[in-house]
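Sequence lines, in order, name chains A and B.
Residues 1 to 405 (the UniProt record's numbering) are what the first sequence spells out, left to right.
Residues 1 to 405 (the UniProt record's numbering) are what the second sequence spells out, left to right.
One or more of the hints may lead you astray.
[To be verified] Below 25 angstroms or equal to it, Euclidean Cα-Cα: the simulated PhoX-like pairs (lysine-lysine) are: (1) B:K92 <-> A:K92; (2) B:K227 <-> B:K195; (3) B:K81 <-> A:K286; (4) B:K81 <-> B:K280; (5) B:K81 <-> A:K85; (6) B:K92 <-> A:K400; (7) B:K92 <-> A:K81; (8) B:K280 <-> A:K400; (9) B:K81 <-> A:K81; (10) A:K95 <-> B:K400.
[Said to hold, decoys possible] Residues of chain B placed beyond 10 angstroms of chain A at every Cβ, according to the derived structure: (11) Y224; (12) L251; (13) R392.
Hints in this document: simulated from the structure, not taken from any laboratory.
Backbone N, C-alpha and C fix where the C-beta goes; we use that ideal spot for every residue, glycine too.
There are 2 protein chains.
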Amino acid sequence: MFSGKVVVAQGGGPTAVINQSMVGAVLESRKFRNVELVYGASHGLRGIVDEDFLDLTQETTHNLEMVAETPSSALGSTRDKPDLKYCQEIFKVLKAHKVGYFFYIGGNDSSDTVRIVSEEARRAEYGLRCVHIPKTIDNDLMVNDHTPGYPSAARFVAQSFMGANLDNRALPGVYIAVVMGRHAGFLTAASALGKKFPDDGPHLIYLPERVFDVDKFVEQVREYYTKHGRCVVAVSEGIHDSTGQPIITQLAEQVERDDHGNVQLSGTGALADLLVDLVKKRTGIKRVRGDTLGYLQRSFVGCVSDVDQREAREVGEKAVQFAMWEDRDGSVTIHRTGFYSVDYQFTELTEVAGKTRTMPDEFIAANGHDVTDAFLMYLRPLLGRGMPDAYRLRRNFVPKVLNRG
Amino acid sequence: MFSGKVVVAQGGGPTAVINQSMVGAVLESRKFRNVELVYGASHGLRGIVDEDFLDLTQETTHNLEMVAETPSSALGSTRDKPDLKYCQEIFKVLKAHKVGYFFYIGGNDSSDTVRIVSEEARRAEYGLRCVHIPKTIDNDLMVNDHTPGYPSAARFVAQSFMGANLDNRALPGVYIAVVMGRHAGFLTAASALGKKFPDDGPHLIYLPERVFDVDKFVEQVREYYTKHGRCVVAVSEGIHDSTGQPIITQLAEQVERDDHGNVQLSGTGALADLLVDLVKKRTGIKRVRGDTLGYLQRSFVGCVSDVDQREAREVGEKAVQFAMWEDRDGSVTIHRTGFYSVDYQFTELTEVAGKTRTMPDEFIAANGHDVTDAFLMYLRPLLGRGMPDAYRLRRNFVPKVLNRG
Numbered sequence: 001m002f003s004g005k006v007v008v009a010q011g012g013g014p015t016a017v018i019n020q021s022m023v024g025a026v027l028e029s030r031k032f033r034n035v036e037l038v039y040g041a042s043h044g045l046r047g048i049v050d051e052d053f054l055d056l057t058q059e060t061t062h063n064l065e066m067v068a069e070t071p072s073s074a075l076g077s078t079r080d081k082p083d084l085k086y087c088q089e090i091f092k093v094l095k096a097h098k099v100g101y102f103f104y105i106g107g108n109d110s111s112d113t114v115r116i117v118s119e120e121a122r123r124a125e126y127g128l129r130c131v132h133i134p135k136t137i138d139n140d141l142m143v144n145d146h147t148p149g150y151p152s153a154a155r156f157v158a159q160s161f162m163g164a165n166l167d168n169r170a171l172p173g174v175y176i177a178v179v180m181g182r183h184a185g186f187l188t189a190a191s192a193l194g195k196k197f198p199d200d201g202p203h204l205i206y207l208p209e210r211v212f213d214v215d216k217f218v219e220q221v222r223e224y225y226t227k228h229g230r231c232v233v234a235v236s237e238g239i240h241d242s243t244g245q246p247i248i249t250q251l252a253e254q255v256e257r258d259d260h261g262n263v264q265l266s267g268t269g270a271l272a273d274l275l276v277d278l279v280k281k282r283t284g285i286k287r288v289r290g291d292t293l294g295y296l297q298r299s300f301v302g303c304v305s306d307v308d309q310r311e312a313r314e315v316g317e318k319a320v321q322f323a324m325w326e327d328r329d330g331s332v333t334i335h336r337t338g339f340y341s342v343d344y345q346f347t348e349l350t351e352v353a354g355k356t357r358t359m360p361d362e363f364i365a366a367n368g369h370d371v372t373d374a375f376l377m378y379l380r381p382l383l384g385r386g387m388p389d390a391y392r393l394r395r396n397f398v399p400k401v402l403n404r405g
Numbered sequence: 001m002f003s004g005k006v007v008v009a010q011g012g013g014p015t016a017v018i019n020q021s022m023v024g025a026v027l028e029s030r031k032f033r034n035v036e037l038v039y040g041a042s043h044g045l046r047g048i049v050d051e052d053f054l055d056l057t058q059e060t061t062h063n064l065e066m067v068a069e070t071p072s073s074a075l076g077s078t079r080d081k082p083d084l085k086y087c088q089e090i091f092k093v094l095k096a097h098k099v100g101y102f103f104y105i106g107g108n109d110s111s112d113t114v115r116i117v118s119e120e121a122r123r124a125e126y127g128l129r130c131v132h133i134p135k136t137i138d139n140d141l142m143v144n145d146h147t148p149g150y151p152s153a154a155r156f157v158a159q160s161f162m163g164a165n166l167d168n169r170a171l172p173g174v175y176i177a178v179v180m181g182r183h184a185g186f187l188t189a190a191s192a193l194g195k196k197f198p199d200d201g202p203h204l205i206y207l208p209e210r211v212f213d214v215d216k217f218v219e220q221v222r223e224y225y226t227k228h229g230r231c232v233v234a235v236s237e238g239i240h241d242s243t244g245q246p247i248i249t250q251l252a253e254q255v256e257r258d259d260h261g262n263v264q265l266s267g268t269g270a271l272a273d274l275l276v277d278l279v280k281k282r283t284g285i286k287r288v289r290g291d292t293l294g295y296l297q298r299s300f301v302g303c304v305s306d307v308d309q310r311e312a313r314e315v316g317e318k319a320v321q322f323a324m325w326e327d328r329d330g331s332v333t334i335h336r337t338g339f340y341s342v343d344y345q346f347t348e349l350t351e352v353a354g355k356t357r358t359m360p361d362e363f364i365a366a367n368g369h370d371v372t373d374a375f376l377m378y379l380r381p382l383l384g385r386g387m388p389d390a391y392r393l394r395r396n397f398v399p400k401v402l403n404r405g
C-alpha cells in the first residue's frame, strides 16, 4: 500500500446518484490508516490543475450522507477533455500534494483520463493508485452490466412516458418525446418500462442503434394513429441516417457544434419540433405535440432508484478497497449475478477507457422500433422499489338512448 | 332533492389529481338514495353529446381508489369549446338519460359550460343540478385560494428547478427553462420553491403578469452571469411585450395558432430555443442551455402533493353534498382558513365562469423578475409532505502548494 492523500473528483454530466459514489469513496478512504487526508477536487480535473481542493476530512459524516442523497456532482464537474499535456499537469499537482490515491468518477472519457494519468505516474515511478469509478446516464460503458446513474435516469424516462401515455389517452393525438443518448439507446428504450396495458404507449421507439428513415417514420406514425386514434413516440436524440448523419442536420437549417465537433443534441428542443412539424405536414394529423425531456432526465430531484443509490455507493467503496488490497490501477465494473443481484470486479482501464457500448441486438425488436422482453427483464430490477403504477376504469358501457343506430 | 342519474365528466388539460375529484364525486353520489346510477362521460362534453357513458356504479370501490391515485383524466377529456348549440345538445342528452345531477371537473371554460347548461335546464324547467368542480394546473380560477392540480404541478416545477440549479452549479453556464401558464404566472413562480441557499437558482423569474422586455432580459442575464458565473432562468410560456403580443411571435419566423386563434405555446420547444439563441448571440456566453418543461408538468407520474390529492378528493365530495343539500347550481371553491387549512364554499357560477385570475402584485417582487416571501408562504404548504431537500459540501479549502500566488 502507498501512503499519502486521497483525491476524489467527479467528471462529465451529473447524475442522480453520483454523490453516492463520491461519499462511498470518501468514507471508505477514511477507514484506512495509510490515508493522511481526503481531498475533493472542485469541478473535476479543472480543480486539480488549478489546485482547487476541498478537505473532505473536515466534513461531517452526517453532511456527507445528506450530500450523497442530493443529485448532481456536489464537487462540481467539468467538460474539459484533457490531452496528454493536461494529464501531465494533473499528475504534477497530485505529486506536489503528495497524493497517493486518485479516484475519478465518470464515463468513458473519464476512464481514459485515469488511464493516461496512471501511465504518467508509472513512467515517473511515482507511487500513485488511479481508479476509475463508473457513472453515466447513457449506460454506455464497456464490461459493465449497467452503469450507476442509468437506473435513476431510466426511471425518470419510464415515469415520464407513463404520464405522457395517460395524457395522450385523455386527449388523443400524436405525442413525440426526445430522450438523451447520442450513441446508446438504453435511456430511450427505458420509455417502454412505463407500459402496463397492451395499448399503452410508447407505441414506437426509435434508437440510435438502428438507421432512422424519415419517410418510414412518418408512415409508421400515420399507420399507428389511423388504426388506434393516437400514437406516443419515443425518439433518441442520436437518431441518424444510413451514413451516420444525425437526423437533426437533415431537418434543421442550422445546427450547433461543440468543441469536439459534435452536433449539439441536448439543451435544445429542435429535434422534437422538427419531427412534430414533419408529421403534421405530411400526415395532416392535427394534434401533434412534442417534448424534449432535456436536463430533467439527469437532474430532476425526487426520482431515484434505490438500487441505483446502493450500487453507486458500493462502486465508490469498492474503488477504495480494490486500490488498497489489489494494489493496482483499474476501473470498478458491475456484473449481474442473479435476478437481481450484482458483484463488482476490478477491470483493466484499457478495457473500459474511451470505448462506447451500445444496445445489444437481443434488446431491440426485429421491427426496429420497439424493445424486446429481454430488455424489459434486464431493466426492471434496476428501477428499484416503489415504481408508480397506472390504473384504468373498466369499460362498462351504457346503452345509448338517442343515437341507437 | 331531484332524483335521477348522476353524470360526471372531466374537461380540459389533465392534472395529477383530477381523478381524485372524479372518484370523490362518484363515491359520494353513491351514498345518496335519490341517485339511481352514476355515469362517467367518456372524453368530457364530447362523450355526453355522443352518449358515450360508462356506468361507474358497476365499478369497484377498490379500482376507483386506484384510479384516483393515477394522474390524467381517466374518463378522457376534450378540447371542444362548446357554443350555445353544443350546450343545448348536452342538455338534450342529459334529459334523455334522466340525469338529475351533472358534475363537470374543469377550469374556467368548463365552469362557463356548466353555467350555460344550468341556464338551459332552468329555461326548460327540467330538474337538473349543475355543479362545477375546480381543476387547473394554471391556478387561474377566480374566488379560489388555489385550484386542485396546481399544487402537484407546482411541486414538479419546484423539483425540476431544484435539480436544474444543482446541475448548473456543477457545470456552470446559463440555463433557461420555459414553464406553462399563458396568462397566470403561478406555475412559473413555483420555480422559486426549489431554492434553499441564497445563491440558488432560479436567479431570474419572468412572469406573464409583467411586460417582458427582450433587451432588459438579455442585460439581466448578462449581469447576473458576469457577477456569479452562472444563471438559472425561469420563463413563463406566456411572456409578452407591452402590446400583449407573445414574445415568441417577436422572435420566431413562424408561429402556430389553435382553433381559438391563440398562438400555440405548449408542445413546442421554440421559445426556449429562441431565448437561448438570443442570449448566446448578444452576450457571447458559450454554455447556454434551454429546456421546456412541457407536458411533464401536468402528466409526470410520481410527483404529487398529498395536500393536493386530499383537496381534489374533497372538492369532488363537496360538489355532491352542495348539490344535494343546498339544492342550487354553483362552483365549489377553496378558501384558506389557517396555516395550513382550507374550507370549501358553494359559489355562484357567474363569479368563476370564463374569468381568469392572475398573480396578485403582492406575490411579485418589485424588480419584476422574482417572487416575494408572501408567495413562498402562500405556496409552501400546498406542496405537501416529503419535499426533497438539497445539501452541499462545506467549503473547507486546501492551501495551494504550486500556485501560491
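**Message:** Flag every earlier hint the structure violates by its number, smallest first.
**Reply:** 1, 4, 5, 7, 8, 9, 13
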